[in-house]
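Novice: This is what each chain is made of:
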Amino acid sequence: MQISTENEPKKLTVNDVEITYFDSGKQDISDRLPLVMIHGTGGRTDSHFGYLFPLAAQRQRVISIDLAQPKLKSESLSLEHLSAQVMAVVNHVIPDEKITLLGYSLGSVIAASIASAFPKTVENLILIAGWMKTDTHQVMRNQVWKELRKENSEAIKKYMTFCAFSAPFMSNKPIEEMLAAAEMIEINEFVDMQMTLNADIDITEQALDIQATTLVIGCTFDQMVPKHHSKQLYSVIKDARYAEVASGHAVVFERPAELVQLIDNFTQNPQKHEAGEIIPALRP
Amino acid sequence: MENMTQDKTIINQKILIIGSGFAGLGMGIQLMRKGEEDFVILERANDVGGTWRDSHYPGIACDVPSHLYSFSFKTNPEWSRVFSPGGEIQSYLRDCAKTEGLLPKIHFGRDMLASRWDDEKKLWFVETSNGLYSAQILITGTGHLADGHLPNVKGINDFIGEIFHSADWNHEVSLEGKRVGIVGSGASAIQILPEVAKLNCEVTVFQRSAAYVVPRADRVYTEAERRQFRRDPTIIDEVRQQVFWEGEYNYAQRRGVDRFLKEAKDMALGHLENQIKDKDLRAKLTPNYEVGCKRLLISNEYFPAFTKDNVTLEPSAIKEVNGSTAISADGNKFDLDVLILATGFEAVRPPFAKRIYGKGGIDLDTHWDKGMQAYQSITVNDYPNLFIINGPNTGLGHNSVVFIIEAQIDYILGALEFAKENNVLAIEVSEDAEQKYMEELHIRSQNTVWLDGGCKSWYVDDRSGRLTLIWPDYAHSFKDENGTFSPDGYMTITG
Ligand SMILES: Cc1cc2nc3c(=O)[nH]c(=O)nc-3n(C[C@H](O)[C@H](O)[C@H](O)COP(=O)(O)OP(=O)(O)OC[C@H]3O[C@@H](n4cnc5c(N)ncnc54)[C@H](O)[C@@H]3O)c2cc1C
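Residue numbers (my numbering), protein chains in the order written: chain W, 1 to 284; chain L, 1 to 495.
Fair warning: there could be bad hints in the mix.
As the list claims (entries may be wrong) - Derived contacts from chain W toward chain L, CB cut-off under 10 angstroms, selection only: (1) Gly50; (2) Pro168; (3) Ala246; (4) Glu254; (5) Asp264.
Unchecked claim - Part of the chain L face toward chain W, derived, beta carbon under 10 angstroms: (6) Asn157; (7) Asp158; (8) Tyr251.
Claimed, not checked - Simulated coverage check for chain W against chain L, where a stretch passes if three residues somewhere in it have a Cβ under 8 angstroms from a Cβ of chain L: (9) 51-63; (10) 68-82.
Derived by calculation from the structure, the hints in this document are not laboratory data.
On a predicted model such as this, the values are computed, not experimentally measured, just so you know.
Note that beta-carbon positions come from the ideal geometry of N, C-alpha and C, so glycine has one too.
Construct all of the structure, not just a fragment, from the sequences and the given hints.
Specialist: Take a look at the structure:
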């Protein structure tokens, strides 16, 4: 059995834009559905799923899409633009297959809206640090970000890092390490568009509609998408169960192995925990 | 041995536990807490602690942070450091035994010599160096790193001088002014060398293969921190979680994911480069196998010790001893007064296995002639009512062994509960279930650094080329898969 963990990027053109995606390949030994991953704002497979992708690929086929800036005329970026990219890859790589769809941050908003639109395809759904309706707390942060961006402020990356990581995580690191992490952040026009989209999300109607067996993962110390948003998704989605990770929004960096555990247990047996259940965290 | 079994009184109880290290003590504590008092712990030594009683060499400490490397059900706010010294761990274990009222349950000075299953009576009969016992259930907690491995070196038994194993340090021997040889470059050697090098003595290290060593984030806990741990134990739980998941993160290296192998390798080789400026010396200390194939070691003091005038690195194994001269595989000769064997343990073929006879009267070691194996890493077909803690496929290269031990204790408690509810006299795993489990583990072991990393390590059994010691996955997966008893795969006889 050969499992590829280092994957060559693959390309697909969607609405005149070239999309990069990754596919760990068919897995004979696994009876799990393919796991399709959608990263969050400003991310890529490599950055947000650098850990999750190869490790989840030990257990099932994993496909991850790098969202790309669509060619827009006058309209602003919408969830539909991004959903279309995801579905194009899914239909290209695994047409007619049922999937487990995983989204992180903005990716989970996209994943939730895809799940409501394509109930026959999305059998299982994993929403990590996601939300349903942008609230004032998020708008406030979004506006500070936009002002810093407009001023071309030196502080913007530090601000993003400050918001993304939890206090307990950061307090255990030397400041140099956190500043180095801040330097890694890339900001471009596509990120601006995503930030505008983030400021005005409302998928409440779609969430009410979701049929998929769903795992909602909230992050205890999330300052960007505080955990009450995950609790809302968990309450509104019919067949949802909830787990919480003691992390900030940057859970893919702070507690990636714990996410692997939750994803692994869920994809192995999505119904193991009943709808409405709160899955207790492992206490080692 | 004959005369020892002349007193034919048999002490009978429901459960017999062998060993009083983390495994035996943890098992005993949980039984007591569940109100099950019909058990005895047999311990060959005269104190509890296992590993931490036997290993007391200079510099000994744990290499998983203390707050995690301790029982989840008995946390300790008093740890002095992130990686506490061995003596402190030993005191902790003694304290656990005492405060949980376990001491009267421990029969010290009883070496378990032979345990035989009586299929008619459905009982284990256990012969010890001091008395006979019988029990319905036999639980071994004899440790996987309990019996020192002595290297097969020509003439070593006739070495003229003092010689001892790291797990049996002879504190009577003063090293001052002596020529000391340290054999090995594993987890014990890297703790011993910096301490010995501080003394006024000449040290030679025989290194068969170099080790990957990463920085050790050790520090003392301040009184303020310890007060917080005392007042608010939830902080200890948070530390445990954080340390545990950091450890789990490192499983990605063992899995052989390039990105994380590189990350670990860069860290280890960067650490070496920072600490050793001399290019020749650095080359000798650079490993020639994949990172993580052997245990990844942590130390800030090991490499710098080699820059001291009184320390010599011999980058080859010890091959022969002639009188007081040690000869290396490269043919270099060293006259020595003391030889310290930091050569690890008999792990692939644990000695306890020779002493356990199952249904057919065959001992486990013979039964395991292709390497050890057990269903859910705990039970063996043909050996009813036997539970092995810390046996086949339980070792971790990246996280706390106590976590595994606790998962196994939970499993056993579940099995005992099941047996009680269903009036089970004997429970035995089916051969099918055991084989299927092993096949799955073997598939899972493929592409891990342990099998593919190109080093000779004690994780692999030469007789089958299989990983028999290591749990080839995340620690959490061990608990998820093997931490809860289910009667599936078992055959039972009820009374
Ligand atoms: C120097 C050193 C450092 C280590 N550091 C770490 C660490 O940082 N983190 C980690 O996870 N692991 C570490 N380990 C591994 C360690 O062995 C385990 O974590 C743990 O202590 C094992 O506990 P145990 O109870 O299974 O076995 P042991 O502690 O070995 O106890 C076994 C007991 O059984 C008794 N016994 C054996 N055979 C018989 C018999 N036939 N009859 C009667 N009694 C018998 C022995 O005398 C002993 O008391 C370390 C090991 C060593 C040697």
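Novice: If any of the earlier hints don't hold here, list their numbers in rising order.
Specialist: Hints 6, 7, 10 not satisfied by this model.
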